[in-house]
Amino acid sequence: MEHKVNSEKSSSELISELEYPKKPNVIKYLNDLTLKQKQDFFDSFDLIFCDCDGVIWQTLHELLPGSPEAIDYLKRQGKEVIYVTNNSLSPIDMQLKKFERLGIEVKKNEIVHPAQTICDHLKSIQFDGLIFCLTSEAFKSQLREAGFNVMEELVGYVETLDDLRALINNDDPVKAVIIDGDFNLTASKLMRAHGYLKNNPECLFIGGAADILFTVGGNELMGAGIFISMLENTTQRKALVLGKPGVGLRDFIMDKHKIKNARRCLFIGDSIVSDIRFANVCGFQTLLVLTGSTTPEDLKSKLTEADTPDYVSECLADLNGFLS
Numbered sequence: 001m002e003h004k005v006n007s008e009k010s011s012s013e014l015i016s017e018l019e020y021p022k023k024p025n026v027i028k029y030l031n032d033l034t035l036k037q038k039q040d041f042f043d044s045f046d047l048i049f050c051d052c053d054g055v056i057w058q059t060l061h062e063l064l065p066g067s068p069e070a071i072d073y074l075k076r077q078g079k080e081v082i083y084v085t086n087n088s089l090s091p092i093d094m095q096l097k098k099f100e101r102l103g104i105e106v107k108k109n110e111i112v113h114p115a116q117t118i119c120d121h122l123k124s125i126q127f128d129g130l131i132f133c134l135t136s137e138a139f140k141s142q143l144r145e146a147g148f149n150v151m152e153e154l155v156g157y158v159e160t161l162d163d164l165r166a167l168i169n170n171d172d173p174v175k176a177v178i179i180d181g182d183f184n185l186t187a188s189k190l191m192r193a194h195g196y197l198k199n200n201p202e203c204l205f206i207g208g209a210a211d212i213l214f215t216v217g218g219n220e221l222m223g224a225g226i227f228i229s230m231l232e233n234t235t236q237r238k239a240l241v242l243g244k245p246g247v248g249l250r251d252f253i254m255d256k257h258k259i260k261n262a263r264r265c266l267f268i269g270d271s272i273v274s275d276i277r278f279a280n281v282c283g284f285q286t287l288l289v290l291t292g293s294t295t296p297e298d299l300k301s302k303l304t305e306a307d308t309p310d311y312v313s314e315c316l317a318d319l320n321g322f323l324s
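No gaps in the numbering here: position 318 of the sequence shown is 318 in full-length UniProt numbering, and each next residue is one more.
Quick caveat, the hints were computed from the structure, so don't treat them as lab data.
Warning: the hint list may mix true and false statements.
The calculated lysine-lysine pairs, modelled on DSBU-like cross-linking and capped at a C-alpha distance of 30 angstroms, are [unchecked claim]:
1. K38 with K260
2. K260 with K108
3. K189 with K175
With beta-carbon atoms standing in for the labels, derived distance ranges [as the list claims (entries may be wrong)]:
4. D162 with I226: 27 to 33 angstroms
5. I226 with R101: 31 to 37 angstroms
6. K123 with G218: 36 to 42 angstroms
7. E220 with S44: 29 to 35 angstroms
As the structure is a computational prediction, the values presented were derived from the model and not from experiment.
All C-beta atoms, glycine included, are put in the ideal place defined by N, C-alpha and C.
Using the sequences and the accompanying hints, generate a full structural model.
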């Protein structure tokens, strides 16, 4: 199946230019609903998109209690569950083993993963050319396994301008620059990517996970979205972002899952920006859980319409036996 997406919007335009469906700026807490309200909520969706880190498990792989049971309950109630992750450091095969170890039955096509989504997009446009990656090795491996030609890692120490010129100037026929989480990112890599994108208007500019910030072990860290925006600013080009919260990912999901009525979908996530804003752009109903990057204090601040979830719950486990 081909999944062609609109490449005209950048990750930043996702927030600033698109219209969000109008809805009351009032948050409902699941545990405060009456039984009738719970039933109405449960009957209002068929398809669930569920984040993983901070929802099913902590980023450092600690299972959040009751999550497998909640997912099992949802499936037994006839709900379809799709998992949407920005964690491309863990390849899909590794994530499948993790789900299995936790007792959650998941098929490969039920995981939306930045590297896989980008592979699917490149195949849909019959891409054939050299790729320069600012990504993890796991991400590059997935591209190579899909049959794409990925440039080898840059090696070199820069001390002088001559060193820099030797490292970033070359005639490699790069036809795509892909940026995702790269913990070994350097200024010289960014400069080289800038050169490919600036000097060749036909060179594709693709982003994966576009988090501005993400949380690991309670620590807030800079995400790849910062560097995607840097390259957008320096090249005056817009990235096609195929990870949360990218418009490209929205188009991909809508096409792949043949979604006709977005309000019949529920997105469960822990991040106001990566999950709730993204889901609101998609037109999905939203459930924010407080086991990840968002705290109860965050909800007391003045939230915009784009940031406001429809529902809030302490944890995913609250959905286990929801109607009993």
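Comparing the hints with the structure gives:
1. K38 with K260: Judged against 30 angstroms, a Cα distance of about 24 angstroms means the pair holds.
2. K260 with K108: Given pair K260, K108 holds - Cα atoms ~23 angstroms apart, limit 30 angstroms.
3. K189 with K175: Cα-Cα ~16 angstroms, so holds.
4. D162 with I226: 27 to 33 angstroms: holds (29 angstroms)
5. I226 with R101: 31 to 37 angstroms: holds (33 angstroms)
6. K123 with G218: 36 to 42 angstroms: Since the Cβ atoms of K123 and G218 sit about 39 angstroms apart, the hinted range of 36 to 42 angstroms holds.
7. E220 with S44: 29 to 35 angstroms: holds (33 angstroms)
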